[in-house]
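Residue numbers (the working numbering), protein chains in the order written: chain A, 1 to 368; chain B, 369 to 640.
Honestly, I wouldn't trust all of these hints.
Keeping only pairs whose Cα atoms sit at most 30 Å apart, straight-line, the calculated DSSO-like set for lysine-lysine is [stated by the list, open to error]:
#, chain 1, residue 1, chain 2, residue 2
1, B, Lys427, A, Lys70
2, A, Lys70, A, Lys178
3, A, Lys38, B, Lys457
4, B, Lys427, A, Lys75
5, A, Lys343, A, Lys257
6, A, Lys343, A, Lys220
7, A, Lys237, A, Lys136
8, B, Lys523, B, Lys457
Hints were generated in silico from the structure; no laboratory data involved.
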Amino acid sequence: MKKIFSILILCALLLSIVSCGERNDTIDESLLRGEYTKDLEGTTLKVYNWGEYISDGAEGSLDVNAAFEKLTGIKVVYSTYDDNETMYSDLVSGANYYDIIIPSDYMIERLIREERLEQVDVRELSNYQFIDEQYKNLYFDPDNAYSVPYNVGMVGLIYNTTMVEGTIDSWEALWDEKYSGNILTFNNPRDAFALAQLILDQDLNTTDPADWDAAAALLKEQSPVLQARVMDEVFNKMEGGNAAMAPYYAGDYLLMKENNPDLAFAYPKEGVNIFCDSVCVPKGCQNYDAAVLYMNFLMEPEIALANAEALCYASPNTEVVSHEDYTYKDNKILYPSEEDMPKVQWFHDMDAKTVEYYETLWVDVLNS
Amino acid sequence: MKIFGKIYLGVIFAVMYLPLLVMVFFSFNASNSTATFTGFSLHWYEEMLRDSAAMDALKNTLLLAVVSTVIATILGTLAAVGIFGMRNKWFKTGVLSVSNVPMMNPDIVTGVSLMLLFAFVGRMLGAVESLGFFTILIAHVTFSLPYVVLNVLPKLMQTDPHLAEAAQDLGSTPIQAFFRVVLPSISSGVVSGALMAFTLSIDDFVISHYTSGSFTTLPLLIYTMTKKRVTPEMYAVCSCIFLSVLVLLLIMNLSQIRQAKKMSRISVIGKK
Numbered sequence: 001m002k003k004i005f006s007i008l009i010l011c012a013l014l015l016s017i018v019s020c021g022e023r024n025d026t027i028d029e030s031l032l033r034g035e036y037t038k039d040l041e042g043t044t045l046k047v048y049n050w051g052e053y054i055s056d057g058a059e060g061s062l063d064v065n066a067a068f069e070k071l072t073g074i075k076v077v078y079s080t081y082d083d084n085e086t087m088y089s090d091l092v093s094g095a096n097y098y099d100i101i102i103p104s105d106y107m108i109e110r111l112i113r114e115e116r117l118e119q120v121d122v123r124e125l126s127n128y129q130f131i132d133e134q135y136k137n138l139y140f141d142p143d144n145a146y147s148v149p150y151n152v153g154m155v156g157l158i159y160n161t162t163m164v165e166g167t168i169d170s171w172e173a174l175w176d177e178k179y180s181g182n183i184l185t186f187n188n189p190r191d192a193f194a195l196a197q198l199i200l201d202q203d204l205n206t207t208d209p210a211d212w213d214a215a216a217a218l219l220k221e222q223s224p225v226l227q228a229r230v231m232d233e234v235f236n237k238m239e240g241g242n243a244a245m246a247p248y249y250a251g252d253y254l255l256m257k258e259n260n261p262d263l264a265f266a267y268p269k270e271g272v273n274i275f276c277d278s279v280c281v282p283k284g285c286q287n288y289d290a291a292v293l294y295m296n297f298l299m300e301p302e303i304a305l306a307n308a309e310a311l312c313y314a315s316p317n318t319e320v321v322s323h324e325d326y327t328y329k330d331n332k333i334l335y336p337s338e339e340d341m342p343k344v345q346w347f348h349d350m351d352a353k354t355v356e357y358y359e360t361l362w363v364d365v366l367n368s
Numbered sequence: 369m370k371i372f373g374k375i376y377l378g379v380i381f382a383v384m385y386l387p388l389l390v391m392v393f394f395s396f397n398a399s400n401s402t403a404t405f406t407g408f409s410l411h412w413y414e415e416m417l418r419d420s421a422a423m424d425a426l427k428n429t430l431l432l433a434v435v436s437t438v439i440a441t442i443l444g445t446l447a448a449v450g451i452f453g454m455r456n457k458w459f460k461t462g463v464l465s466v467s468n469v470p471m472m473n474p475d476i477v478t479g480v481s482l483m484l485l486f487a488f489v490g491r492m493l494g495a496v497e498s499l500g501f502f503t504i505l506i507a508h509v510t511f512s513l514p515y516v517v518l519n520v521l522p523k524l525m526q527t528d529p530h531l532a533e534a535a536q537d538l539g540s541t542p543i544q545a546f547f548r549v550v551l552p553s554i555s556s557g558v559v560s561g562a563l564m565a566f567t568l569s570i571d572d573f574v575i576s577h578y579t580s581g582s583f584t585t586l587p588l589l590i591y592t593m594t595k596k597r598v599t600p601e602m603y604a605v606c607s608c609i610f611l612s613v614l615v616l617l618l619i620m621n622l623s624q625i626r627q628a629k630k631m632s633r634i635s636v637i638g639k640k
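With the hints as extra help, turn the sequences into a complete structure.
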């Protein structure tokens, strides 16, 4: 009995440590542009977002969800997913409902086509005016009827200047035998194929099996020079100087550079993949009014600024981009000028047959 | 040969404990990298306490572990006593095998089937949200139950069945006999069963993944950290958990040693 008691005491101790943390939820309300009332106080809002995809109070930043709770009295139930497909299967399983989700472009296209999203009248959202025109009317939501942009980003080539001579301007560097054993690439079919497709000057969303065959053949040629196929392990490898080059997201390069100043970045001339994650309200939501309020809150310049600082991706919010205090104001990598802007291609939702086809090819590539 | 034995032991210990040491070491890193060590700092422990998502997840994990352990230990002990008392041998092995199924079953099968069941029942009851704390609690009790049963049963077999009968002869009710005679003699099995249930619940990922809904535990939270790198903050959280488990084990072992001493003293007195 004494032992069980000691276990319980230990747990109580741990719990008390846990609950002593304070939340950074104070915002200067005079800076808010939208109107927030406590009309919905006591209700719950279920938010389903990518992991580590919001400013959460880490390193002295603002805890966005806590600030929203404090401002409106609405309780935010926040959970996270690791990729679009996980979110999708959870959403369609019907075992859960969500009021807010933040999927990527091609997933929004699919959700709209399958009529899984609620329409949102952006005219109701006072902060929608701050969204950059270039991120309105995007292909997946041409009438801005379902989503508001949250983050945008582009893939680029990160390389270590101590291991690579000169500058790099082409994806073909990832095939260069000179750097054999020091090259990293994506460990998922869509992103890895995209690199080969860009070199071959294909449409990333081609449905022609011959195109995919050609891209797969090119990927197989790359296998001997690769060190590894990685996803977020790329941070450790590039920061530790264990690899010469890797394709990854521009914002993540800026984070890596903080730990390894030898790293450089390029948007290859063949073009790059661009993505946009947008805030949507799925069908089955139980607190639509709070969801719309939350959408507007995320576009609030102060809030979007906190998110842009914490996440390091490009913000679609014009007030953030021109904000005096913004660390990445005028950053040429996140916000390239018009002449430096690379060619970009979006991922579209692919039909099941093509997905199955390139996934079979991917297995071959992995085994080569 | 002795040298080889020592080397072997050293290698085994290195494999078991080096990863933990590396983790604890990097939790004191000054920068946010998990690859390059730039200097000693307690920064990530501060961050840990400030990170509401991680703290909520840790709170959820501990709450779930404690509640599921208490339930699984009580149910498991009762089940073990029941199974032990069964007369029909076939029935006994049958019940025992059935209760072991959640342990032998791959986690993914248990997880998916529980999720399907919960979603089905939830839909029947017309709930908008069928997964949450209670479903993950049921799941955790389910998979930790057999471990408690398996820890308690051998202890029951070791105890003299006549002891309980003797206690009843001397005037105690069956319930008194259970609490005063049977339970103390199987207590070490109950505790080790509870401890296993606790650790299994803390680190379960697969089953939790399917049955948790929006109830986020620490393993689930770490799994979703794919957008950005995992910071040393998680190392700090894990180091704290490791330390608590270590302290827990030490307390247990010390009290067991003390108890063993007491027992040997009693038996010496008995012989005199």
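Hints and how they fare:
1. For the given pair, Lys427(B) sits about 21 Å from Lys70(A) by alpha-carbon distance, which is consistent with the 30 Å threshold.
2. With a C-alpha separation of about 56 Å, the suggested pair Lys70(A) and Lys178(A) falls outside the 30 Å cut-off, and the hint is violated.
3. Between Lys38(A) and Lys457(B) the CA atoms are separated by roughly 66 Å; this puts the pair beyond 30 Å, and the hint is violated.
4. At roughly 17 Å between alpha-carbon atoms, Lys427(B) and Lys75(A) fall within 30 Å of each other, so this suggested pair holds.
5. Distance check on the hinted pair: Lys343(A) and Lys257(A) sit about 24 Å apart at the alpha-carbon level, within 30 Å; holds.
6. Using a Cα cut-off of 30 Å, the hinted pair Lys343(A) and Lys220(A) holds, with the two alpha carbons roughly 25 Å apart.
7. Taking the CA atoms of Lys237(A) and Lys136(A), the gap is near 36 Å; set against the 30 Å cutoff, the hint is violated.
8. A threshold of 30 Å between alpha carbons decides the hint, and for Lys523(B) with Lys457(B) the separation of about 19 Å falls inside it, so the pair holds.
Hint compliance for this structure: hints 2, 3 and 7 are not met, and every other hint is.
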